[in-house]
Amino acid sequence: MSNSARFAVEAHDLVKVFPRGNVRALDGVSLQVEAGTVLGLLGPNGAGKTTAVRILCTILGPDSGHATILGHDVAKEADAVRRIIGLAGQNAAVDDNLTGRENIRMVGRLTHMSWKAAAARADELLRDFGLVDAGDRVLKTYSGGMRRRLDLAAALVARPPVLFLDEPTTGLDPQSRQDLWGVIEDLVSEGTTVLLTTQYLEEADRLARDIVVVDHGRVIAEGTPAQLKARLGTSVIAITLPNKDIAARAAALVAPLSDNPPLMDGVMVELTVEDGPKVGAEVLRALDAAQVPVAGLALREPSLDDVFLTLTGHKSEGETDEERAARSGKRRESKRRAGSRADPDEMDAA
Amino acid sequence: MSTMTVPTALAPAPSGSRLRWTLADAATLTWRNLKGLTRIPDAIFFATLQPIMFVLLFRFVFGGAITIPGVSYVDYLMPGIFVQTVAFGAVSTAVGLADDLQKGLIERFRALPMARSAVLAGRTTADLVRNVFIVTLITVVGYIVGFRIGTNFGLFLCGALIVLIFAYSLGWGFATVGLTASNAETAQVMAFPILFPLTFASSAFVPVSSMPGWLQAFAKHQPVTQVVDAARSLMVGGVTHNTASIYQALAWCAGLLIVLVPLAVSKFRQVG
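Protein sequences, first through last, are from chains F and G. So the first sequence is numbered by the numbering used here: it starts at 12 and just counts up by one. So the second sequence is numbered by the numbering used here: it starts at 6 and just counts up by one.
Accuracy of the hints is not assured; some may be wrong.
SDA-like mimics (lysine to any residue), calculated; alpha carbons at most 20 Å apart, straight line [what the hints assert, rightly or not]:
id	chain 1	residue 1	chain 2	residue 2
1	F	Lys-289	F	Leu-268
2	F	Lys-127	G	Gly-155
3	F	Lys-127	G	Thr-35
4	F	Lys-87	G	Gln-275
5	G	Lys-225	G	Ile-199
6	F	Lys-127	G	Ala-29
7	G	Lys-108	F	His-227
8	F	Lys-127	G	Ala-32
9	G	Lys-272	G	Arg-121
10	G	Lys-108	F	Gly-182
11	G	Lys-40	F	Thr-152
12	G	Lys-40	G	Thr-130
13	G	Lys-108	F	Arg-158
14	F	Lys-87	G	Thr-130
15	G	Lys-40	F	Ser-125
16	G	Lys-272	G	Thr-191
17	F	Lys-151	G	Asn-188
18	F	Lys-87	F	Arg-158
19	G	Lys-272	G	Leu-255
20	F	Lys-255	F	Ala-306
21	F	Lys-151	F	Lys-87
22	G	Lys-108	F	Ser-154
23	F	Lys-127	G	Trp-26
24	F	Lys-289	F	Glu-312
25	F	Lys-87	F	Ser-41
26	F	Lys-87	G	Arg-121
27	G	Lys-40	F	Ala-130
Okay, the calculated bits of chain G under chain F, using three or more residues with CB under 8 Å as the criterion [as the list claims (entries may be wrong)]:
id	region
28	29-42
29	109-118
The hints are simulated quantities; they were obtained by calculation from the structure and are not laboratory data. Model, not experiment: these values are computed from the prediction. Glycine included, every Cβ here is placed at the ideal spot set by N, Cα and C.
All chains, please: the whole structure from these sequences, using the hints.
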């Protein structure tokens, strides 16, 4: 029981295979979330993040393995688990045809509060989330940021000690994202345990104390953000060359400047490094000295794709057709990042 | 933000009987579905406009060419219109569930400590309430174009009740259609080929005896004909009186519920 007291969420060796196409969405995932902390579950599209969350929220049963929330088994005590968790994010929606207030009252009633208690809780949450003025408006009129805030408010109706946030800020503008991060931080400071899935390193970096990285249904790395960053380098230098032959030459020239091998993508060469500005200058000097013409050079923070390239040596592959078929019809928001490096299939894992 | 969470406070464990909460959850979702319906007034408008147009079409365009011995065509027609309307209305059960599934609302419901059956019960009950409204409205329209109850008001209500029970049974079948379709549009398209032969190859608009033999074999033995004949017997009476059809209609409703409810429930479990 000492473990149960320390960890609010524990998952052991979760396996989930979707029969259509025999997709192993989870292939033995284990993780723990210490009570009162945030765990960031990171992974590319199709990694199995959402499947893990759905199992922990009792929406889906695992094929094998087991998981507990505050000591309650998700498979055997699903009803007890549902009373202590809240779920918000890309897949848990709110009703477009109801007002904000009605949505929260509905969730209150469905968690078996009295009408009066549900109404009072709705007033409280609308105030806390800055939605008092919008409370009696139908959700269709809400902005993306307002919807996500209401979605989170709906997840908090029963004051759950454990909160699951499945890509809570995907598709939001930077200001809305900042606002939502503030709300999550407040919740954690009051003792809520949070499991957060995200595609944004920055988000995990800001909110999570621990990070678990999954790919193809397996845990491929875990640690604090600082530990992971140390493994990944902190910047990516992207060099654009006039043609592929010159790109190959440039790749050979810059290779000694980083511990990570350069990655080639057409006329682009990318180098993951610790100190971007310093190495960037070195790259220019080296190419200049060898009289290699450079068409462009950019410095950026590592994206999750870079994380995966570094950790696994392959690009994220996205959801397979079978997996999508298994979950057909679920609404998804586009997560394709600017630029063309995101995988062609922007659907998330089942 | 001091009121946001008290992490040690849990949602209340259900007090009272399980049945009580199951009913309360179904009532909450019925409320939610009806409330949602009032927010799309154009959908209500067209849902009521269509049966009104059918009344006018058959009363004034086709009606003159159809003669039924012993009964005025408008009296013959109205029970058929009731059944046809609620049968087509059952599509909204499919569309509503497909929409909830597509938008992820069912995902949220599954993570709540509510009764699993409430999603389906709330949807079918809301559609039942909607049908009560529509049947009432068409009765008024029917009266305006000359329909008169041939029996008495009590029997008329019994006929309407059979129509509503039939619609409710059919709704469970369309719940399965909605859970099978990947989105609301598909659900709508899937429903049409089921409903079209059922409603038109029936006694709803013309006597089955006027159809070719091979079609009669189907038309005579399918539920819409039985329910229309039962409603007609109770609402119009006279030459349309047919006691056997009342029992057959009720048997059909019971049979449909026995088959379609478990089917929808098992489909609902699968789509998780």
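Structure-based check of each hint:
Pair hint Lys-289 (chain F) plus Leu-268 (chain F) holds up; C-alpha atoms about 10 Å apart against a cutoff of 20 Å. Taken as a hint, the Lys-127 (chain F) and Gly-155 (chain G) pair is broken in the structure, with Cα atoms around 49 Å apart against an allowance of 20 Å. Between Lys-127 (chain F) and Thr-35 (chain G) the CA atoms are separated by roughly 19 Å; this keeps the pair inside 20 Å, and the hint holds. For the hint pairing Lys-87 (chain F) with Gln-275 (chain G), the CA-to-CA distance comes to about 18 Å; that is within 20 Å, so the pair holds.
For a cut-off of 20 Å, the pair hint linking Lys-225 (chain G) to Ile-199 (chain G) stands: about 17 Å separates their Cα positions. Of the pairs offered as hints, the one joining Lys-127 (chain F) and Ala-29 (chain G) holds, with about 15 Å between alpha carbons and a cut-off of 20 Å not exceeded. For the proposed pair Lys-108 (chain G) and His-227 (chain F), the alpha carbon gap of about 26 Å is over 20 Å, so the pair is violated. The suggested pairing of Lys-127 (chain F) with Ala-32 (chain G) holds, with an alpha-carbon distance near 16 Å, which does not exceed 20 Å.
Distance restraint check for Lys-272 (chain G) and Arg-121 (chain G): the Cα-Cα separation of roughly 12 Å lies within the 20 Å cut-off, and the hinted pair is therefore satisfied. The straight-line distance between the Cα atoms of Lys-108 (chain G) and Gly-182 (chain F) is roughly 16 Å, inside the 20 Å bound, and the hint therefore holds. Only pairs whose Cα atoms come within 20 Å are accepted, and Lys-40 (chain G) paired with Thr-152 (chain F) is accepted, the gap being roughly 16 Å. Among the hinted pairs, Lys-40 (chain G) with Thr-130 (chain G) is consistent with the structure: their alpha-carbon atoms are about 13 Å apart, no more than 20 Å.
For the given pair, Lys-108 (chain G) sits about 13 Å from Arg-158 (chain F) by alpha-carbon distance, which is consistent with the 20 Å threshold. Between Lys-87 (chain F) and Thr-130 (chain G) the alpha-carbon distance is near 31 Å, which puts this suggested pair outside the 20 Å criterion. In summary, the hint linking Lys-40 (chain G) to Ser-125 (chain F) is supported, as the alpha carbons are separated by about 19 Å, within the 20 Å threshold. Pair hint Lys-272 (chain G) plus Thr-191 (chain G) holds up; C-alpha atoms about 17 Å apart against a cutoff of 20 Å.
Taking the CA atoms of Lys-151 (chain F) and Asn-188 (chain G), the gap is near 19 Å; set against the 20 Å cutoff, the hint holds. Taking the CA atoms of Lys-87 (chain F) and Arg-158 (chain F), the gap is near 33 Å; set against the 20 Å cutoff, the hint is violated. For a cut-off of 20 Å, the pair hint linking Lys-272 (chain G) to Leu-255 (chain G) is broken: about 25 Å separates their Cα positions. A threshold of 20 Å between alpha carbons decides the hint, and for Lys-255 (chain F) with Ala-306 (chain F) the separation of about 12 Å falls inside it, so the pair holds.
A threshold of 20 Å between alpha carbons decides the hint, and for Lys-151 (chain F) with Lys-87 (chain F) the separation of about 38 Å lies outside it, so the pair is violated. Restraint check: the Cα-Cα separation between Lys-108 (chain G) and Ser-154 (chain F) comes to about 16 Å, which is no more than 20 Å; the hinted pair holds. This hinted pair checks out: Lys-127 (chain F) and Trp-26 (chain G) have alpha carbons roughly 16 Å apart, not beyond 20 Å. A hinted pair counts as satisfied when its Cα atoms are at most 20 Å apart, and Lys-289 (chain F) with Glu-312 (chain F) qualifies at roughly 14 Å.
Restraint check for Lys-87 (chain F) and Ser-41 (chain F): satisfied, since their Cα atoms lie roughly 18 Å apart, inside the 20 Å limit. For the hint linking Lys-87 (chain F) to Arg-121 (chain G), the alpha-carbon distance of about 16 Å falls within 20 Å, and the restraint holds. Between Lys-40 (chain G) and Ala-130 (chain F) the alpha-carbon distance is near 16 Å, which keeps this suggested pair within the 20 Å criterion. For the region 29-42 of chain G, the proposed coverage by chain F is satisfied: 9 residues have a C-beta within less than 8 Å of a C-beta in that chain, meeting the threshold of three.
Evaluation of the coverage hint for the region 109-118 of chain G: fulfilled, as 9 residues show C-beta separations to chain F shorter than 8 Å, against a requirement of three.
Taken one by one, the earlier hints fail for this structure at numbers 2, 7, 14, 18, 19 and 21, listed in ascending order.
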